[in-house]
Amino acid sequence: MEAFLHQVLSGLATGGIYASLALALVMIYQSTHHINFAQGEMAMFSTYLAWTMIAAGVSWWLAFVVTVLASFVIGMLIERFLIRPVEHAPVLTVVIVFIGLLVILNSVAGWIYSYTIKSFPSPFPAEPVLGGLMSAHELGAIGVTLVVLVLLYVFFQFTPLGLAMRATAQNPVSSRLVGIRVGWMLALGWGLAAAIGAVAGMMIAPVVYLDPNMMSGVLLYAFAAALLGGIDSPGGAVIGGFIVGVLENVMGAFVIGTELKLTIALILIISVLLVRPSGLFGRVIVSRV
Amino acid sequence: MSGKAPEAMPAAARVRLLPVLGLLLALALLCALPFVLSSYRTFQFTMALVYAIVLLGLNILTGYNGQISLGHGAFYAVGAYVAAILMDRYGVPYWATIPASGLVCLVFGYLFGLPALRLQGHYLALATFALAVAMPQLLKYKGIEAWTGGVQGIVILKPDPPAGLPFTQDQWLYLLTLAIATLMFALAWNLVHSRVGRALMAIRDHPVAAEAMGVNSAWFKSAAFGISAFYTGIAGALGAIVIQFVAPDSFTAVLSINFLVGVVIGGLASISGAIWGALFIQFVPNFADHISKAAPWAIYGIFLIAFAYVMPAGVAGFLRLMWTRARARWVRSL
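Line order of the protein sequences matches chains Y and R.
According to the numbering used here, the first sequence is numbered sequentially starting from 1.
According to the numbering used here, the second sequence is numbered sequentially starting from 1.
One or more of the hints may lead you astray.
[Claimed, not checked] Quick look at which bits of chain R chain Y covers, simulated, 3 or more residues with Cβ under 8 Å:
(1) 81–88
(2) 145–155
(3) 307–317
[As the list claims (entries may be wrong)] With the Cβ distance kept under 10 Å, some of the chain R side facing chain Y (calculated, not the full set):
(4) Y123
(5) L124
(6) Y300
[As the list claims (entries may be wrong)] Pairs of lysine to any residue residues, derived as SDA-like cross-links and limited to a Cα-Cα distance of at most 25 Å, are as follows:
(7) K118(Y) x P296(R)
(8) K261(Y) x Y123(R)
(9) K118(Y) x G217(Y)
(10) K293(R) x I117(Y)
(11) K293(R) x N213(Y)
(12) K293(R) x S114(Y)
(13) K118(Y) x P172(Y)
(14) K140(R) x Y209(Y)
(15) K293(R) x R41(R)
(16) K293(R) x A48(R)
(17) K293(R) x T258(Y)
(18) K158(R) x R41(R)
(19) K293(R) x Y113(Y)
(20) K142(R) x T258(Y)
(21) K261(Y) x E145(R)
If you are wondering where the hints come from, they were derived from the structure by calculation, not from laboratory data.
Fair warning: this is a prediction, and the values are worked out from it, not measured in the lab.
All residues carry an ideal CB built from backbone N, CA and C; glycine is no exception.
Generate coordinates for the entire structure from the input sequences, incorporating the hints supplied.
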């Protein structure tokens, strides 16, 4: 029983990280209806920025804040310069640009930092908490995820800018008519997604270690989480993230073994897309022909 | 034709003859290649031909039918493994494993195409991407280790040329691959320029109108998946025989991205594009490797985005444009 509880709790911790990344995906999907294949790579790159600062002697939390801000700016720049020209292009073109971005970020990180695996420090103490059921880092990661979620909720519900972003996501044409600068809202969405991704990256790096390919598995779980919760539902993405995290850990530990963990994500993605494409909390879209 | 001046006819006929002659000349040059190059270069060109077959298959699906696949590395892996297992565990001769791999992949691709029918655009890209990422883990799975050899993979022996032919092993493999590739190109050309090809393109361009015209969209789409996987499976088998080794970690998502790069650079919805794309993914990394281990991928990424912006029809589209212009000028000057 204790082993089971242990797996569930540590599943919640990784689930929180998947939830953050899934949230970043949903953020971009909502505003542009694109699935950002480079989201994981963007998070990885941000984490390297943080690592550089920490290695240079900057304190962990200062590096954290600077990284989140820098990622926000980089995310906006990517939208402005790379994504905007293909805004109305066919899906294939957009996917190609995303894959190109993934490849570039991955190779540039490899070029600058080499492909050797680095350890990434955790800001939380090393000793376990809750009577040994969880490490302090796992508890801290859940805490950080929850803080991010609350901040986002407050931002979207109670600030004029948040309202403008939601309006843009729902109806860009009418939003433009009431004076919202739609283009900048999209850039802002990208910036936020990059910042959330950076948080996720810095939380998962102490667990999976730092290397340019660290995110490929994490991204797959985040996709599964976003789809499970409903790709257009931020709340759903968070719940989906926690479900996927627990499922991955429990199934990996007790049912099919750790070697096939990624297959869980594959099966989850395909079955959600087949059985309930709108996810648990997403809207069902009916299109007219 | 009837309204045109009679003297315009022979000039036009001469112009149409040119591509055919060019094709024959190119084929003759390709046949001569292994006899002038070192065996390592011959190996490289053999692999380029193998990639060309993959890109051809991927192009039928993505270029002509508009279904995005980021998971063709997985079909390639299945083809390679079927060939390797048949040769290593069951002693099947190498030439017989090639069609067998193709058929297994045809079935696998058709079956994967059935659920994929319900997915479009980004979602299909996502599902196939998940397949590509999960593939190495599936191949390492303990339950099938008796066949796949687990992490170690399978080593295959290099086949000898048929008795009596004065070729080295590398030359023979090159010529065999060239023959199969030529056959596959001819098949793809005919497929694309037939009723089926028109149906595939109609589904890509306007699915509703295609349905209204009586095209069975569901059947054609899963068939396109099957055919595409068939091509990729054949290439996978050839690739395994040429490299003489299969292991799970050679079939990561990176391979699938490689194929996407090849299709985009070569030219979407273009038969000849497969050749340019294959040459690109085979030789550019070799040159770029000298700069840095990461350089090939940086170049890939930059090329991908640059082509998406300025040359969406790829190298083949660019060449076609140049050719059309040159021909127009020439015909006018006659």
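The hints, checked one at a time:
no., hint, verdict
1, 81–88, "violated (count 0)"
2, 145–155, "violated (count 0)"
3, 307–317, "holds (count 4)"
4, Y123, "holds (6 Å)"
5, L124, "holds (9 Å)"
6, Y300, "holds (5 Å)"
7, K118(Y) x P296(R), "holds (23 Å)"
8, K261(Y) x Y123(R), "holds (21 Å)"
9, K118(Y) x G217(Y), "holds (17 Å)"
10, K293(R) x I117(Y), "holds (16 Å)"
11, K293(R) x N213(Y), "holds (14 Å)"
12, K293(R) x S114(Y), "holds (9 Å)"
13, K118(Y) x P172(Y), "violated (43 Å)"
14, K140(R) x Y209(Y), "holds (22 Å)"
15, K293(R) x R41(R), "holds (21 Å)"
16, K293(R) x A48(R), "holds (21 Å)"
17, K293(R) x T258(Y), "violated (30 Å)"
18, K158(R) x R41(R), "holds (17 Å)"
19, K293(R) x Y113(Y), "holds (12 Å)"
20, K142(R) x T258(Y), "holds (11 Å)"
21, K261(Y) x E145(R), "holds (17 Å)"
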